[in-house]
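Enquirer: The lines below spell out each chain.
There are 2 protein chains.
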Amino acid sequence: MNLEANNLTTNKKILVLGGDGFCGWPTSLHLSNLGHDVVIIDNLSRRNIDNELEASSLTPIQPMGTRLSAWEEVSGNRIGFHNINIAQDYELFLQVIMDEQPDVIVHFAEQRSAPYSMKSSKNKRYTVNNNMNATNNVLCAMIDSGLDIHLVHLGTMGVYGYGTAGMKIPEGYLDVEVKTEEGERIQQQILYPTNPGSVYHMTKSQDQLLFQYYNKNDGLRITDLHQGIVWGTNTKETKMDERLINRFDYDGDYGTVLNRFLMQAAVGHPITVHGTGGQTRAFINIQDTVRCIELAIENAPIHGDKVMIFNQMTETHRVRDLANLISKLTGAEVANVDNPRKEAAENELHVKNDLFLSKGLKPITLDEGLLQEVTKVAEKYAHRADHAKIPATSTWTKEQKPGVPEQVKNNAQPELAK
Amino acid sequence: MNLEANNLTTNKKILVLGGDGFCGWPTSLHLSNLGHDVVIIDNLSRRNIDNELEASSLTPIQPMGTRLSAWEEVSGNRIGFHNINIAQDYELFLQVIMDEQPDVIVHFAEQRSAPYSMKSSKNKRYTVNNNMNATNNVLCAMIDSGLDIHLVHLGTMGVYGYGTAGMKIPEGYLDVEVKTEEGERIQQQILYPTNPGSVYHMTKSQDQLLFQYYNKNDGLRITDLHQGIVWGTNTKETKMDERLINRFDYDGDYGTVLNRFLMQAAVGHPITVHGTGGQTRAFINIQDTVRCIELAIENAPIHGDKVMIFNQMTETHRVRDLANLISKLTGAEVANVDNPRKEAAENELHVKNDLFLSKGLKPITLDEGLLQEVTKVAEKYAHRADHAKIPATSTWTKEQKPGVPEQVKNNAQPELAK
Ligand SMILES: NC(=O)c1ccc[n+]([C@@H]2O[C@H](COP(=O)([O-])OP(=O)(O)OC[C@H]3O[C@@H](n4cnc5c(N)ncnc54)[C@H](O)[C@@H]3O)[C@@H](O)[C@H]2O)c1
Ligand SMILES: NC(=O)c1ccc[n+]([C@@H]2O[C@H](COP(=O)([O-])OP(=O)(O)OC[C@H]3O[C@@H](n4cnc5c(N)ncnc54)[C@H](O)[C@@H]3O)[C@@H](O)[C@H]2O)c1
Chain A
1 MNLEANNLTT NKKILVLGGD GFCGWPTSLH LSNLGHDVVI IDNLSRRNID
51 NELEASSLTP IQPMGTRLSA WEEVSGNRIG FHNINIAQDY ELFLQVIMDE
101 QPDVIVHFAE QRSAPYSMKS SKNKRYTVNN NMNATNNVLC AMIDSGLDIH
151 LVHLGTMGVY GYGTAGMKIP EGYLDVEVKT EEGERIQQQI LYPTNPGSVY
201 HMTKSQDQLL FQYYNKNDGL RITDLHQGIV WGTNTKETKM DERLINRFDY
251 DGDYGTVLNR FLMQAAVGHP ITVHGTGGQT RAFINIQDTV RCIELAIENA
301 PIHGDKVMIF NQMTETHRVR DLANLISKLT GAEVANVDNP RKEAAENELH
351 VKNDLFLSKG LKPITLDEGL LQEVTKVAEK YAHRADHAKI PATSTWTKEQ
401 KPGVPEQVKN NAQPELAK
Chain B
1 MNLEANNLTT NKKILVLGGD GFCGWPTSLH LSNLGHDVVI IDNLSRRNID
51 NELEASSLTP IQPMGTRLSA WEEVSGNRIG FHNINIAQDY ELFLQVIMDE
101 QPDVIVHFAE QRSAPYSMKS SKNKRYTVNN NMNATNNVLC AMIDSGLDIH
151 LVHLGTMGVY GYGTAGMKIP EGYLDVEVKT EEGERIQQQI LYPTNPGSVY
201 HMTKSQDQLL FQYYNKNDGL RITDLHQGIV WGTNTKETKM DERLINRFDY
251 DGDYGTVLNR FLMQAAVGHP ITVHGTGGQT RAFINIQDTV RCIELAIENA
301 PIHGDKVMIF NQMTETHRVR DLANLISKLT GAEVANVDNP RKEAAENELH
351 VKNDLFLSKG LKPITLDEGL LQEVTKVAEK YAHRADHAKI PATSTWTKEQ
401 KPGVPEQVKN NAQPELAK
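Protein sequence lines, in the order shown, are assigned to chains A and B. Residue numbering for the first sequence follows UniProt numbering, starting at 1 and increasing by one per position. Residue numbering for the second sequence follows UniProt numbering, starting at 1 and increasing by one per position.
Everything labelled a hint here was simulated from the structure, so no lab data went into it. Take the hints with a grain of salt, since some may be wrong.
Pairs count within a copy or across copies, as identical chains cannot be separated in the list.
[As the list claims (entries may be wrong)] Straight-line C-alpha distance at most 25 Å; calculated BS3-like pairs for lysine-lysine: (1) Lys359 x Lys342; (2) Lys401 x Lys362; (3) Lys398 x Lys122; (4) Lys398 x Lys306; (5) Lys216 x Lys168; (6) Lys398 x Lys216; (7) Lys168 x Lys342; (8) Lys352 x Lys380; (9) Lys119 x Lys216; (10) Lys119 x Lys179; (11) Lys401 x Lys236; (12) Lys179 x Lys352; (13) Lys342 x Lys216; (14) Lys216 x Lys401; (15) Lys306 x Lys342; (16) Lys352 x Lys239; (17) Lys179 x Lys168; (18) Lys216 x Lys380; (19) Lys122 x Lys216; (20) Lys236 x Lys119; (21) Lys352 x Lys236; (22) Lys342 x Lys401; (23) Lys389 x Lys216; (24) Lys122 x Lys342; (25) Lys359 x Lys376; (26) Lys380 x Lys328; (27) Lys401 x Lys13; (28) Lys168 x Lys359.
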């Protein structure tokens with residue numbers, strides 16, 4: 001923790017939408033620990049999706065009531081909580097804003113799994129409906145409240161698409177040159193043209209259009225964080241008490257690639273690499289996620305600024321390199337399985353993240369120690385894992401096959417019976 | 001009518017979503033008259049909005065039942081009808097698709113008024129919710145049906161934004177050049193970066209992302225028509241019987257600019273020009289709209305094609321020039337009122353429409369005769385007009401003022417009492 005920076009921070013009233021989730025919970029604790037007055041809004045839809053998928057966090061996350069009283073015990077700080085569906089219950093949501101008068105809203109409250117968004121047309125429709133109405137409602141409520149609120153939204157690196165002809169991906173905006181009929185060259189800065197890889201990622205591209213519009217028409221102050229894949233589980237605050245433990249998704253739909261690999265290694269499941277594993281992805285550790293939100297809040301846009309876009313990632317890796325690294329560390333075997341997604345087999349990825357570095361982010365990068373630490377969390381709770389939930393079974397089209405390793409296909413029954 | 005082209009057309013089963021609306025109704029009749037088998041889906045939300053706004057079509061449009069039996073009487077053709085909310089009743093909608101097995105779906109079914117979309121946060125939220133779910137449901141249903149359907153969607157010229165540094169607006173895609181860190185120049189074709197002018201136009205930009213995504217992932221065949229402002233009322237078919245008459249919106253929310261001017265002139269209301277009237281807009285006559293849909297259906301994309309985008313407009317005009325033209329024709333006075341919209345006071349607009357011209361469109365352009373014809377429709381039904389509904393009262397932000405002329409402000413009561 002950078003204590004100097006903390007002292008500079010003036011205390012703010014912050015609403016965290018989706019504050020029960022994997023990123024939202026540690027962010028809420030981090031901001032509360034910095035002295036901000038935090039209020040969480042969450043409809044617990046993520047926990048309900050666990051019920052639907054018959055999967056659950058590998059770590060034993062506690063109900064919100066327990067979480068909040070544990071935090072008060074440990075830190076002396078109170079965090080407020082409202083169970084509201086921000087995509088549906090607009091009047092209730094607006095009322096909370098009027099009552100709480102937030103300076104900042106941090107918006108995590110969307111359906112965030114690409115595989116879940118592709119499972120069936122019901123899931124596609126849920127994702128579009130939930131995410132579009134959630135974001136539009138946040139923006140409408142900011143206007144209706146008449147308050148001068150700074151919105152910090154979690155977007156994804158995935159909106160850029162993967163595979164930009166060797167070009168370094170800029171932070172949100174792209175300088176282009178177009179030619180008129182007369183051959184005149186015009187320079188223009190545009191929103192980076194998106195090429196989303198799933199319905200989930202597509203909704204984040206649509207979010208960008210909402211932000212652009214309301215920023216232009218109503219002068220709303222908005223920061224959009226294009227986040228890489230988050231890895232790790234706990235942060236300084238969630239480690240303070242077992243009851244504060246963070247969510248660890250390991251199932252084929254919600255588990256993100258690096259955490260899934262670490263968990264697979266820990267429970268003795270083959271490391272499942274989709275296709276050749278030639279996909280390059282951007283990553284960030286959960287501790288840096290919470291720090292980036294802090295920095296985004298400290299560096300708010302002022303009136304008249306366009307939407308601020310930061311790339312919230314610290315390093316890029318090729319998926320098969322990660323698999324091999326973890327295999328080397330743990331002795332786990334690597335299994336190349338069918339890629340259930342529709343994407344290029346191999347891609348390069350070069351990303352700018354100068355903005356956060358310039359604001360003081362000191363990136364935590366993948367190191368063996370940290371990987372081991374996550375593996376230890378996974379080992380500790382390995383008995384809670386349902387191995388049948390590990391393979392990625394959601395496919396992008398009817399023609400594609402789930403990513404189930406041969407070993408597991410053959411042993412599926414015995415493993416299920418465990 | 002180009003009879004040769006008609007003979008070439010093979011008969012198709014066509015679902016017209018939003019077939020009770022201003023564009024959808026004459027399109028349904030036109031396609032039915034060409035020999036296609038037409039089925040309309042509409043939830044009559046546009047008629048319900050008339051109830052809400054206490055406004056109604058200047059022309060006495062008939063209920064769907066009367067419309068359809070009149071059409072059968074006149075033409076001998078049956079058109080089917082289902083009252084379904086395609087944004088909400090997914091299962092019903094999918095069932096109709098399975099039953100009807102359409103070759104083509106023409107999708108008009110969205111909330112299409114920019115002023116209505118800006119009236120209040122409720123209207124913003126309705127527009128986003130209705131339009132996003134409608135379009136996403138259409139795409140999901142196409143996939144779920146397993147049928148090979150061609151989708152023709154009505155988009156708007158408004159997605160481009162108005163004011164592109166003298167550049168001619170291309171048809172959907174833009175060739176750009178970007179520079180890498182190393183100074184290498186890369187050519188790329190991108191979706192034209194949008195700059196929508198209202199929440200309604202923003203939803204059409206979001207629609208484009210849906211089309212791009214499902215075209216890429218599922219190979220859906222999609223034509224997106226970026227339509228200009230439609231003027232005129234009746235087409236060859238709607239003139240065949242008084243009961244087939246088309247909708248004529250004249251109120252401040254749904255009335256489109258040229259039709260509003262013609263109607264204002266006809267009823268002796270000042271022609272209300274927003275601001276300086278320096279806005280340049282693209283226009284198309286309703287008869288050309290229906291012809292363009294016919295051409296889009298005949299020129300369907302094949303598998304593997306990207307989304308086909310046509311600019312569906314035939315001419316551009318500056319708003320104040322239109323006002324002066326109509327004033328000259330009719331003697332009506334022009335009133336410059338506050339611009340309730342947030343937009344540039346003056347803009348140039350140059351638009352390519354080569355694709356439709358190359359497919360055989362012979363544009364009907366603004367001519368005095370046609371203008372007179374529309375004025376006659378307006379005069380005929382002038383007694384049905386509620387003058388209080390004429391000014392544009394929806395504003396883009398709280399700071400802006402409605403577009404009410406002084407003359408009307410002063411006489412508001414007597415006029416209302418008429
Ligand atoms: N986890 C990652 O690797 C990652 C990477 C890039 C971006 N992001 C983005 O960060 C944000 C948070 O991700 P996460 O991993 O914490 O996801 P998560 O699913 O764990 O958390 C999202 C939270 O939002 C809540 N929520 C969803 N819809 C809601 C609604 N309509 N009303 C109220 N609450 C609602 C859920 O109950 C959940 O607690 C998401 O927007 C996601 O797209 C995450
Ligand atoms: N009129 C114009 O000048 C113009 C210009 C450019 C583009 N467009 C586009 O053309 C399309 C048609 O425009 P219009 O002028 O005929 O509008 P309209 O409002 O007269 O017609 C739209 C029809 O769709 C129906 N509808 C809306 N939501 C629905 C839902 N969820 N389920 C079922 N039916 C639903 C309405 O009841 C209505 O009959 C729109 O998408 C519009 O954006 C129109």
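Enquirer: Now tell me if each hint is right for this structure.
Expert: Evaluation of the provided hints:
For the homomeric pair Lys359 and Lys342, neither the shortest alpha-carbon distance inside one copy (36 Å) nor that between copies (34 Å) is at most 25 Å. Neither within a single protomer nor between protomers do Lys401 and Lys362 lie at most 25 Å apart by alpha-carbon distance, with minima of 41 Å and 49 Å respectively. Taking the closest pair of Cα atoms, Lys398 and Lys122 come within 25 Å of each other only inside a single copy of the chain (15 Å); across copies the shortest separation is 38 Å, beyond that limit. Taking the closest pair of Cα atoms, Lys398 and Lys306 come within 25 Å of each other only across two copies (20 Å); inside a single copy the shortest separation is 41 Å, beyond that limit.
In this assembly of identical chains, the alpha carbons of Lys216 and Lys168 lie at most 25 Å apart only when taken from different copies (23 Å versus 27 Å within one copy). With identical chains, the CA atoms of Lys398 and Lys216 are at most 25 Å apart between copies only, with a shortest distance of 14 Å across copies and 41 Å within one. Taking the shortest Cα distances, Lys168 and Lys342 sit within 25 Å of each other inside one copy (23 Å), while across copies they are farther apart (35 Å). Proximity of Lys352 to Lys380 under the C-alpha cut-off of 25 Å is found in neither arrangement, the shortest distances being 36 Å within a copy and 64 Å between copies.
For the homomeric pair Lys119 and Lys216, the shortest alpha-carbon distance between copies (17 Å) is at most 25 Å, but the shortest distance inside one copy (36 Å) is not. Taking the shortest Cα distances, Lys119 and Lys179 never come within 25 Å of each other, neither inside one copy (42 Å) nor across copies (38 Å). For the identical chains of this complex, Lys401 and Lys236 are neighbours neither inside a copy (40 Å) nor across copies (52 Å), given an alpha-carbon limit of 25 Å. Proximity of Lys179 and Lys352 under a CA criterion of 25 Å is satisfied inter-copy only: 15 Å between copies versus 27 Å inside one chain copy.
With identical chains, the CA atoms of Lys342 and Lys216 are at most 25 Å apart between copies only, with a shortest distance of 9 Å across copies and 35 Å within one. Taking the closest pair of Cα atoms, Lys216 and Lys401 come within 25 Å of each other only across two copies (18 Å); inside a single copy the shortest separation is 44 Å, beyond that limit. In this homomeric assembly, Lys306 and Lys342 come within 25 Å of each other (Cα to Cα) only across copies, at 16 Å, whereas the closest approach inside a single copy is 34 Å. For the homomeric pair Lys352 and Lys239, neither the shortest alpha-carbon distance inside one copy (31 Å) nor that between copies (61 Å) is at most 25 Å.
With identical chains, the CA atoms of Lys179 and Lys168 are at most 25 Å apart both within one copy (23 Å) and between copies (10 Å). Within a single copy, Lys216 and Lys380 get their C-alpha atoms no closer than 50 Å, and across copies no closer than 42 Å, so neither meets the 25 Å cut-off. When the C-alpha separation of Lys122 and Lys216 is checked against a cutoff of 25 Å, the pair qualifies only between copies, where the shortest distance is 20 Å, while the shortest distance within a copy is 33 Å. In this assembly of identical chains, Lys236 and Lys119 lie within 25 Å of each other by CA distance neither inside one copy nor across copies; the values are 35 Å within and 47 Å between.
Taking CA atoms no more than 25 Å apart as the test, Lys352 paired with Lys236 passes in neither setting, with 27 Å inside one copy and 58 Å between copies. For the homomeric pair Lys342 and Lys401, the shortest alpha-carbon distance inside one copy (11 Å) is at most 25 Å, but the shortest distance between copies (50 Å) is not. With identical chains, the CA atoms of Lys389 and Lys216 are never at most 25 Å apart, being 45 Å at best within one copy and 29 Å at best between copies. With identical chains, the CA atoms of Lys122 and Lys342 are at most 25 Å apart within one copy only, with a shortest distance of 19 Å there and 38 Å across copies.
In the homo-oligomer, the alpha carbons of Lys359 and Lys376 never lie at most 25 Å apart, since the shortest distance is 32 Å inside one protomer and 66 Å across protomers. Taking the shortest alpha-carbon separations for Lys380 and Lys328, only the intra-copy value of 20 Å comes in at or below 25 Å, while the best inter-copy value is 84 Å. Taking CA atoms no more than 25 Å apart as the test, Lys401 paired with Lys13 passes in neither setting, with 47 Å inside one copy and 34 Å between copies. When the C-alpha separation of Lys168 and Lys359 is checked against a cutoff of 25 Å, the pair qualifies only within one copy, where the shortest distance is 20 Å, while the shortest distance between copies is 41 Å.
Against the hints set out earlier in the document, violations occur for numbers 1, 2, 8, 10, 11, 16, 18, 20, 21, 23, 25 and 27.
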